[in-house]
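Novice: Each chain, written out:
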Amino acid sequence: MSSSQPIIQLQDIEKTFLLGDLHIEVLKGVSIDIGRGEFVALRGASGSGKSTLMHILGLLDRPSGGRYLLQGKNIADLPDDRLSALRNQLFGFIFQTFYLIPYITALENVMLPGLYGATPARQLKRRAEELLSQVGLADRLHFRPGQLSGGQQQRVAMARALLNDPQVLLADEPTGQLDSATSAEIMALLKSIHGQGRTVILVTHDAATAEFAEREVLLHDGLVQNR
Amino acid sequence: MMAWSRIAEIWLIAWRCGGMARRALWAAKTRSLFVVAGVALGIASLTIIVAAVDGAERKANEMVALFGPDAALVLGGNIESRAVGQRTLTLSYDDAAALRRSLPGAYLVVPMRAQSNVQVRYAGHVTQVPLVVGTTAGYARAWDWPLSEGRDLTEEDLTHSARVGLIGDTIAQELFGKQSPIGRTVLMDRFPVQIVGRLSYRGVTGGGGAVDDRIIMPITTLTKRFHLDRKYFRALRVKFHDPEYMSAHVENLRSLLRHLHNLRPEEEDDFSILTADEILKFLSTFKGGLILFLGVTALVAMVVGGFVLANLFYLGVDERRSEIGLKMALGAPRWAILVQILLEAVGLTLIGATFGMFLGMAMGQLLARLGVLEILFSWKVFGFALFASLAIGLVFGLKPARRAASMTPIEALKGC
Ligand SMILES: Nc1ncnc2c1ncn2[C@@H]1O[C@H](COP(=O)(O)OP(=O)(O)O)[C@@H](O)[C@H]1O
Ligand SMILES: [Mg+2]
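Listed in order, the protein sequences are those of chains R and U.
When you line the first sequence up against my numbering, it's residues 1 to 227, in that order.
When you line the second sequence up against my numbering, it's residues 228 to 643, in that order.
Because the hints were derived from the structure by calculation, they are not lab data.
Built from N, CA and C at the ideal position, the CB exists for glycine as well.
There may be inaccurate statements among the hints.
[Claimed, not checked] In silico DMTMM-like cross-links for lysine to aspartate or glutamate, where the CA-CA straight-line distance does not exceed 20 Å:
| hint | chain 1 | residue 1 | chain 2 | residue 2 |
| --- | --- | --- | --- | --- |
| 1 | R | K191 | R | E38 |
| 2 | U | K641 | R | E25 |
| 3 | U | K641 | R | D80 |
| 4 | U | K607 | U | E284 |
| 5 | R | K191 | R | D165 |
| 6 | U | K514 | U | E284 |
| 7 | R | K125 | U | E236 |
| 8 | U | K508 | U | D281 |
| 9 | R | K191 | R | D179 |
| 10 | R | K191 | R | E211 |
| 11 | U | K641 | R | D61 |
| 12 | U | K286 | U | D504 |
[What the hints assert, rightly or not] Chain U stretches covered by chain R per the calculated footprint, using a threshold of three residues with CB under 8 Å from any CB of chain R:
| hint | segment |
| --- | --- |
| 13 | 250 to 258 |
| 14 | 557 to 565 |
| 15 | 633 to 640 |
Just chain U, with the same shape it has in the complex:
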C-alpha cells in the first residue's frame, strides 16, 4: 500500500519541520521572547481564574458542609425586599417555643443572638473576640460541631442565665496555650464567665473571618449582660429529620411563622429562610461574577498575547521571505512551510503557557496569602493552559503561516 509509506514520509517531514522551527525560533530570540512573555501573561491570568473558581467551589462546599444539609436558618426581616424601615427584630422567644412545639419534622430549634468584638482577658492575656454567640441548649449538636473537651450548654444553663461559655479553639490557644481551658474563668467586658467546653478546631474561614475564634454563651446570659432586647432575637436555627424533604420542611416553617406573625395573604414574609441550597445558589451567582470578571481579564490578556504573536510572526514571515522562498525552491511543499510556521507559533505559546502557569500559581499563592482570593490548583489548570495556548498558537499563527505558504517560490525568493 502506498498510503502507509506516504503517511510515514509526511510524519517524518513534519517532524523535521519541527526541528527547523526550533532553530528558527532560537535564531530570533528577542522576537520569541516577546511572544513568550505575551502568552505567559495571558496564561497566568487563566491559571489564576481556574484556581480561583475552583477555590470558590471548594469554599461553597465547605460552607454547605458547615451549615448542614438538614438545617434551615431563619433571619428576622425580609432580606429579599429590604423595605426601608422594615423591622429586622421579628423573631421572638414565643415563636421559638411555638416552632419547637408544633413544627413537624423539626428536632432542634435554636434561637441565636450575637455580640461582636468583645474584649476577653485571662491572667494578663487580653484578646479581642470577633463574635460572641448566644444560643439555647445543645449548640454543638445543632451545628454538628463536636467538643474536644468539656460539656455542651444545657437547659439548666439557660434557665439560670448561667455565666458559662464554650470557647473556640483559636481563642483557647491564645488565652491558655497548651493548658486546658475547662473550668477556668475569663473576664468578658469585666464580668466573669466560666469556660465549660471547648469546640474542636474547624479551620474553615467563613465570610467574615475564621470560625474558630468565637465564644458561645447561653442566649439568656448574653441578653442580660449585653443589655440586648429581651423579647426578640435576630436568627433562629432549625434542624429537621429527613433532609430529603427539605423543601416541604421549609414550606411548613414558613406557613407556621406567617401564622404566628399574623401575616395576611397579601403581606410579604417578615423573615427569611436560608438553607444549604440557598447558600449554594448565592455562591454560584458569586462564582458566576468571578468567572465573568476574571474571564474577561484573561480573555483580554490572551488576545493581546495572540496579537503580539500574530504581528511578530507577520514581521518574521516578511523578514524570512527569502528563507521561505529558498525552501520552496529546494522542494518544500506548501504544507511543510505552513507546518513549520505553525509549529513555531505553537512551540512559543506552549513555552509561554509553561511560564504562565508558574507565574499564575505564584500570583495565585500571593493573592491567597493576602486573603484576596481562595484558590485551588488542580490538573484542570494544566489542561486549560495547554488547551488555551494551543488554541492561541493555532488561531493567531494560522494567518501568518498561510501567508508564508501561499507565496510563490519566486515572490518569496525575490523578496529579499
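Chain R with its partners taken away, still in its complex shape:
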C-alpha cells in the first residue's frame, strides 16, 4: 500500500432502492477517488443522492453495484461486524441533525464511540474533555444536549466524531440547521480538522459552503458531473 494510493476508490457505484414494485435508481454509476488528507465537497441539489453516497462512503450502507475499495480493499468481502469496526476506527460522522443522545451529558456523548473498544474509561474521559475544550465547550461538559444551542450541539457531535482519531471525517450538511454566524464557526472547525491531516468529505447543496473544500464533486441525477 503506497502512500499515493487513494484512501477511497469508488468504481461505478450504483444504489437502487426498492419501494414495493418500484425501483428507485439513486446512484447510477458513481466513480470517485479520494486521496489521503483531501478536503472534498460533494455538492448537488436536494434529492440528487448526496446522503445516499455519503452513507455508502461511511460504510453505513452497501452499494447495489460497483466496487468500493477502502485503503485498496474491496469492502464487499467484509462482514457487517468488520464494517462496524472500520466505522469505529477509521470514520467520524457529523450529521445535519446532530444525533446526540438526549439523556446523557455532552461528555458522555463524546465518549460514546470509545465505548465499543478496549480503551480504558479514564483515558476516554480525558480525551473527550480535551476535545470538548478544543471545540470551545470546556465549561459545558456536563450539560445535556437539550441545554445546549444548535451550534454547541454540533460542536459536541464534532468532538464525538474525533474521539477515536479517525482518518476520514464525513459531514452531511453539518450547517443545514444553523444560522450563518454559527455555520461559519463550524466550517472553521472543519478546516482545522482538515489541517490536522485528516481526510474531510463535506456534503452540501450550497455552492458557497462547498468553497471551503479543496475540490468539489458535483452530483446530478445520480451521476458525477464535470470532473
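Please arrange chain U with the ligands on chain R, whose structure you already have, making use of the hints.
Specialist: Structure of chain U with the ligands alone, referenced to chain R:
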C-alpha cells in the same frame, strides 16, 4: 494469544452496554415502571406458590409424624366406594377384642369415638371444646403424645366408665390459666369430669383445627354420657411392632377384619384402613392440585408480565431507532446492540423479581394469617424467582432485541 485480549474486550464492551442500558432505563422511567410492575405481579404469585407448596409439604410431614409411621387407622365404612346407604358403624368392641387377641405384630388396639362441640365449664369459665375423644386405656402411648402432668387413662377407668379425662393444653390454659388442672373437676354438658392428665403442647394444626383443644375420656364413659351406640364405634387405632413390615401388617389386619365381618370374597371391605403412606398419598394429590391451580395462575401472571415487557420494548426500540442507528454508525457491533437491549430487559425483570418476592412474601403472610394457606419461605423461593425473571427477560426481550440489532445502521438512523 489474540483470544484472551479479544475476550477481555468483549466483556468490557458488554459491561459498558450494561451501563448504557441502565441510563436508558432510567431515561424511560414510566415504561420501566410498567414492566417492573407486570413482572413483579408474576413473581409475587410464583413466590406464593413455592411457599404454599413447601408449606403443604411441611404440613404433610407433620401430619405423618403425628399419625406415626407404625400406626394404622381403621374407619367404619368403605371411604373409597361410599355406596349409598352403606353402614359406617361396622367396627364393634368384639372386633377390637378379637384384633387384640389374634392380630400378629399389633401391640395396641384402641377403639375411638368422638363427640364434637361440647360445652365445658369450670368456676365461671366457659369454653366450647371442638372435640371430645373417647378411647381405651393408654391414649398418650398410642399417639406418642407425652403427658406434661398427671396420668394416662387406665383399664380401671374403662371398666368403671370413670368420669375422668385428659385435657388438651390449650383448653387447660383457657380454663385454669397458670394453675394445674390435675385433680380438678369440670362440668361437661352438666355432668362432672375429673381431669387426671394434661397432654403436652403440640401446636400443629390438623385438618379441622388445632390439636391442642381437645379432651380425652374413656370410651365407655363417653358412650354412656352422650348416649352413643354401645356396640359399635367409628374408628380404631392399631399400632404395630416393626413398622418396616407395614404393608404385611395391613394385609393381616384386612384379612382378619373381613373374616370377623363374615365378608364373602366378592364383597367389598366394609371398613377402610389408613396408614401414614396413605396420608402422604392423599396429601400429594392435594399438593398436585395446589401446584396446578397456583401454577396456572403464576404462569398467566408471568406471561402477562412478559408480554407487557415485549410490547413496551417493541415501542421502545421503535422510539429509539435513531439512537440505535447512531450507535451502529459509531461502530457498535450488532451483538452489542443485542446485549444492551437484553440487559435492559433482564435488568427490569430482576428489579421486578425483587419487588415481586417482597410482595409475594407479604401476601403469603397475609394468606397464612387468614388461615387460607400454609406457607414456608425458603431459599428455593429466591432461586425460582431469580430463574423465572431471567427467563422472562431473556425470552420476551429477545425478539425486540433482535429486531433492534437486525436493522441496518441507515434504516435505524433514518427512522427518526
Ligand atoms: N431508503 C430509501 N428508499 C427509497 N428511496 C430513498 C431511500 N433513501 C433515499 N431515497 C431517495 O433517494 C433520493 C436521494 O436521496 P438523498 O441521498 O437523501 O438525497 P440528498 O441527500 O442529495 O438530498 C431521494 O429521491 C430519496 O427519496
Ligand atoms: Mg441529504
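Novice: Each of the hints needs a verdict: does it hold here or not?
Specialist: These are the hints, each one checked on the structure:
1. Restraint check: the Cα-Cα separation between K191 (chain R) and E38 (chain R) comes to about 11 Å, which is no more than 20 Å; the hinted pair holds.
2. With a C-alpha separation of about 18 Å, the suggested pair K641 (chain U) and E25 (chain R) falls inside the 20 Å cut-off, and the hint holds.
3. For the proposed pair K641 (chain U) and D80 (chain R), the alpha carbon gap of about 19 Å is at most 20 Å, so the pair holds.
4. A distance of roughly 14 Å separates the Cα atoms of K607 (chain U) and E284 (chain U); the hinted pair therefore holds under the 20 Å criterion.
5. Using a Cα cut-off of 20 Å, the hinted pair K191 (chain R) and D165 (chain R) holds, with the two alpha carbons roughly 16 Å apart.
6. Our distance criterion of 20 Å between C-alpha atoms is met by K514 (chain U) and E284 (chain U), whose separation comes to about 8 Å.
7. Between K125 (chain R) and E236 (chain U), the direct Cα distance comes to roughly 18 Å. Compliance with the 20 Å bound is thereby established for this hinted pair.
8. Of the pairs offered as hints, the one joining K508 (chain U) and D281 (chain U) holds, with about 16 Å between alpha carbons and a cut-off of 20 Å not exceeded.
9. For the suggested pair K191 (chain R) and D179 (chain R), the alpha carbons sit about 18 Å apart, so the restraint of at most 20 Å is met.
10. Restraint check for K191 (chain R) and E211 (chain R): the C-alpha separation of about 11 Å stays at or below 20 Å, so the hint holds.
11. With a C-alpha separation of about 12 Å, the suggested pair K641 (chain U) and D61 (chain R) falls inside the 20 Å cut-off, and the hint holds.
12. For the given pair, K286 (chain U) sits about 14 Å from D504 (chain U) by alpha-carbon distance, which is consistent with the 20 Å threshold.
13. With 4 residues bearing a CB less than 8 Å from a CB of chain R, the segment 250 to 258 of chain U meets the requirement of three and the coverage assertion stands.
14. A count of 7 residues in the segment 557 to 565 of chain U with a Cβ less than 8 Å from any Cβ of chain R is obtained; the coverage claim is therefore met, three being the minimum.
15. For the segment 633 to 640 of chain U, the proposed coverage by chain R is satisfied: 4 residues have a C-beta within less than 8 Å of a C-beta in that chain, meeting the threshold of three.
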